[in-house]
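Peer 1: Below, each chain spelled out in residue letters.
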Amino acid sequence: MKEQRSKSHSGNPSSSFSGKFPMLLVVGAFLVGLVLMLLIGNLSATAQTRKRRRPVTPARIDYSKFSHTTEKHRGECLTCHKNPTPNWRRVREYPDVADYPGHAACVSCHRQQFFKGANPEVCLVCHLKSSPRDDRRYFFRNAASARQFSIEFPHDKHQDAIARWRRPSVQTATTGRPRFTKALFSISSAGFDSPGKAYNNCTICHSEQPTPPGPPAGGWVDSFSPDAATFKSVPVSHASCFNCHWKSQPPISTDCAGCHKNATPHISASGVQRISMKFRHAREQHVAECTTCHINITKSATLRGLKPDVPITSCTECHNKDGLRLDVAKELEAIDRNKDFVCVYCHTSNIGRQDPPASHYLIAGREALKRKDIK
Amino acid sequence: MQSDSRHGRPGFTRLFPFVLTAVAIAMAAILLLTAVAQTPNSTPNDARGVIRLRVRVKTGETTKGLSRKRFFLIPGTLEQNKALIQTIEQASIVTRDCYYRSIGGSDALIKWLQEGDCESVYCREIEPRDLEGNTAVPEFQRALVAGEKELPSSDLARKWLTVNLPENVREGFYKTRQRELQRLIKQAEDSARAKVLSVMTDTKGTAFFTELPIGTYVISNLLPIESSNTSILWNCEIEVKPGDLAHEKPFLISNVRDRTVKCVGKEKPLPVCEPTKNSGR
Numbered sequence: 006m007k008e009q010r011s012k013s014h015s016g017n018p019s020s021s022f023s024g025k026f027p028m029l030l031v032v033g034a035f036l037v038g039l040v041l042m043l044l045i046g047n048l049s050a051t052a053q054t055r056k057r058r059r060p061v062t063p064a065r066i067d068y069s070k071f072s073h074t075t076e077k078h079r080g081e082c083l084t085c086h087k088n089p090t091p092n093w094r095r096v097r098e099y100p101d102v103a104d105y106p107g108h109a110a111c112v113s114c115h116r117q118q119f120f121k122g123a124n125p126e127v128c129l130v131c132h133l134k135s136s137p138r139d140d141r142r143y144f145f146r147n148a149a150s151a152r153q154f155s156i157e158f159p160h161d162k163h164q165d166a167i168a169r170w171r172r173p174s175v176q177t178a179t180t181g182r183p184r185f186t187k188a189l190f191s192i193s194s195a196g197f198d199s200p201g202k203a204y205n206n207c208t209i210c211h212s213e214q215p216t217p218p219g220p221p222a223g224g225w226v227d228s229f230s231p232d233a234a235t236f237k238s239v240p241v242s243h244a245s246c247f248n249c250h251w252k253s254q255p256p257i258s259t260d261c262a263g264c265h266k267n268a269t270p271h272i273s274a275s276g277v278q279r280i281s282m283k284f285r286h287a288r289e290q291h292v293a294e295c296t297t298c299h300i301n302i303t304k305s306a307t308l309r310g311l312k313p314d315v316p317i318t319s320c321t322e323c324h325n326k327d328g329l330r331l332d333v334a335k336e337l338e339a340i341d342r343n344k345d346f347v348c349v350y351c352h353t354s355n356i357g358r359q360d361p362p363a364s365h366y367l368i369a370g371r372e373a374l375k376r377k378d379i380k
Numbered sequence: 009m010q011s012d013s014r015h016g017r018p019g020f021t022r023l024f025p026f027v028l029t030a031v032a033i034a035m036a037a038i039l040l041l042t043a044v045a046q047t048p049n050s051t052p053n054d055a056r057g058v059i060r061l062r063v064r065v066k067t068g069e070t071t072k073g074l075s076r077k078r079f080f081l082i083p084g085t086l087e088q089n090k091a092l093i094q095t096i097e098q099a100s101i102v103t104r105d106c107y108y109r110s111i112g113g114s115d116a117l118i119k120w121l122q123e124g125d126c127e128s129v130y131c132r133e134i135e136p137r138d139l140e141g142n143t144a145v146p147e148f149q150r151a152l153v154a155g156e157k158e159l160p161s162s163d164l165a166r167k168w169l170t171v172n173l174p175e176n177v178r179e180g181f182y183k184t185r186q187r188e189l190q191r192l193i194k195q196a197e198d199s200a201r202a203k204v205l206s207v208m209t210d211t212k213g214t215a216f217f218t219e220l221p222i223g224t225y226v227i228s229n230l231l232p233i234e235s236s237n238t239s240i241l242w243n244c245e246i247e248v249k250p251g252d253l254a255h256e257k258p259f260l261i262s263n264v265r266d267r268t269v270k271c272v273g274k275e276k277p278l279p280v281c282e283p284t285k286n287s288g289r
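Each protein sequence line maps, in turn, to chains H and Z.
The opening position of the first sequence corresponds to residue 6 in my numbering, with each subsequent residue numbered one higher.
The opening position of the second sequence corresponds to residue 9 in my numbering, with each subsequent residue numbered one higher.
Be a bit skeptical, because a hint or two may be false.
BS3-like, lysine-lysine: derived pairs with alpha carbons at most 25 Å apart [said to hold, decoys possible]:
1. H/K304 with Z/K257
2. H/K252 with Z/K183
3. H/K335 with H/K375
4. Z/K90 with Z/K203
5. Z/K157 with H/K252
6. Z/K194 with H/K304
7. Z/K183 with H/K304
8. Z/K212 with H/K237
9. Z/K276 with H/K304
10. H/K304 with Z/K157
11. Z/K212 with H/K326
12. Z/K212 with H/K162
13. Z/K167 with H/K87
14. H/K162 with Z/K167
15. Z/K167 with H/K237
Calculated Cβ distances over 12 Å to all of chain Z for the following chain H residues [stated by the list, open to error]:
16. C131
17. K134
18. N147
19. A166
20. G357
What the hints contain is simulated information worked out from the structure, not anything from laboratory work.
Keep in mind the model is a prediction, meaning the values are calculated, not measured.
For every residue, glycine included, the Cβ atom is placed at its ideal position computed from N, Cα and C.
Turn these sequences into a full structure, and let the hints guide you.
Peer 2: Right, here's the structure in full:
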């Protein structure tokens, strides 16, 4: 046995070795590759170290651009900004930060740039021209400049704060009969059952749009131009905040960072974006309390990641009901007949030509389909 | 060494194939583990459901939707959340009227809150009639005077009136409730080791919990709601099933038993407020 074992191990070395050769080749290649990878990694690291050691020419600083993320610009906001600014009575109906910081805010650090030549570029942060003869400044804030902050707004807390204890009885005191009422977005007595009382609700910040929205870059899809009744407004000034948060109620107006958080500079998306562009908020049948359809807004603690939160079920209560309307089901059937059919009842063609989401099929009581799978 | 030299092969050469095989197996195992770790989880755990909550409260002869009230969804069964539910049921309630009386709120302020069924001064706009005549609220009048000194117009001072109200009038009740609520939420999350979700009912008393992992939950309002002369507390078990859209069949909860009601709340009489020496100013 001992001899046999010994033979099988090494009795015929050449045949044993050739039998294992393919495996050894693969493993060997793997190991060579591994060594090469390590060598290349090491070489590249060495090159990077050499690169770092090379003397670096400092990049030219563009002093006409101001960034709040620059280390020395990250101090307390009120180091430079004044709240309220001296001009607020001329330009606002309420005490507000309504102007750029004064010269002292810049000169304290940028004396060299401030007095450099006849047209110092540092002036262009606030002024239209860099000239002692033209002191005109951009409108505060300059809508064309990139936004450097995002806004922190907890919808959930605000919903709680304006909450009512309970609704009054729907019976009138005089007749004892139920009264039919219609809930509105507006901040008026009609919004609830108590006559003459203006209850605070979403309208504090989101009211009727006075004018139609401007077209997005590239124009309206399908030339479909939504009217003013399509959207609600969003706050664009401190007016919606300072009425409660001016002082006392944190975050107060001097605590800028309470609401404004540093963000990657961004230009606000021009025009409006919506999946169902043809939905009009002000249409009579659509007038309801906001949270009836925006079902997730009362649990939203931040604006980050806040997206349209209206599920298809909010629409299909009316738009896909037997005996009433079957708008969703009909368009899904149209896709069955023609896979290139574009859904147009709610959507413009950029959305309407995509695959309907599974939720739409589910609501119609069907299995979800992809257009490419339709014969 | 002896045997090696006997067969004419050095020891390293003989062991080399075994070492290589071992290394290759180890590498393959690492690759396999990496591949498995990167494979997206497509188990049925991804399934989600929805709860459509409908809350109706009967007060006297009238039954109506309970509007603008927050409900919480705690992962686990009633049995698993037994300790939490005991804490909720035994917690003492600070009612709205008792709170405002305890801070020496005027009768006019309490009446103003009662008339609008408001929990706080932020509930509705403070109107000129709330500042003069028999219905004037003294707290509002003082805040108006302070505001008129620093704001450009009397109208703005009225609209921004809350900025000059004392903290306990402005947000004391809200903060008192929030403290208790946060304590209960923390207990629930520690016990369930998962986040507690919440939604607020709309004017019809409807609310949705969406994107819910499949499983059993307890629906609770954590702090009892005040309805007429009673408080109501709900703690009910609900099961979320895959693909449950719940748009046709709402989960109906109420304070009265009915064949459609899935969860009946426990009703208790509201505590009697202790009058304070400052009340009635």
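Peer 1: Against this structure, judge whether each hint is valid.
Peer 2: Right, here's what the structure says about each hint:
1. H/K304 with Z/K257: 22 Å, holds
2. H/K252 with Z/K183: 18 Å, holds
3. H/K335 with H/K375: 16 Å, holds
4. Z/K90 with Z/K203: 17 Å, holds
5. Z/K157 with H/K252: 14 Å, holds
6. Z/K194 with H/K304: 17 Å, holds
7. Z/K183 with H/K304: 18 Å, holds
8. Z/K212 with H/K237: With Cα atoms ~22 Å apart, Z/K212 and H/K237 stay inside 25 Å; holds.
9. Z/K276 with H/K304: With Cα atoms ~28 Å apart, Z/K276 and H/K304 exceed 25 Å; violated.
10. H/K304 with Z/K157: Roughly 38 Å separates the two Cα atoms, so the pair is violated.
11. Z/K212 with H/K326: 20 Å, holds
12. Z/K212 with H/K162: The hint holds at about 21 Å.
13. Z/K167 with H/K87: Distance of about 24 Å is within 25 Å: holds.
14. H/K162 with Z/K167: The hint holds at about 21 Å.
15. Z/K167 with H/K237: Answer holds: Z/K167 to H/K237 is near 22 Å, not above 25 Å.
16. C131: 26 Å, holds
17. K134: 33 Å, holds
18. N147: 26 Å, holds
19. A166: 5 Å, violated
20. G357: At roughly 23 Å from the nearest Cβ of chain Z, H/G357 sits farther out than 12 Å, so the non-interface label holds.
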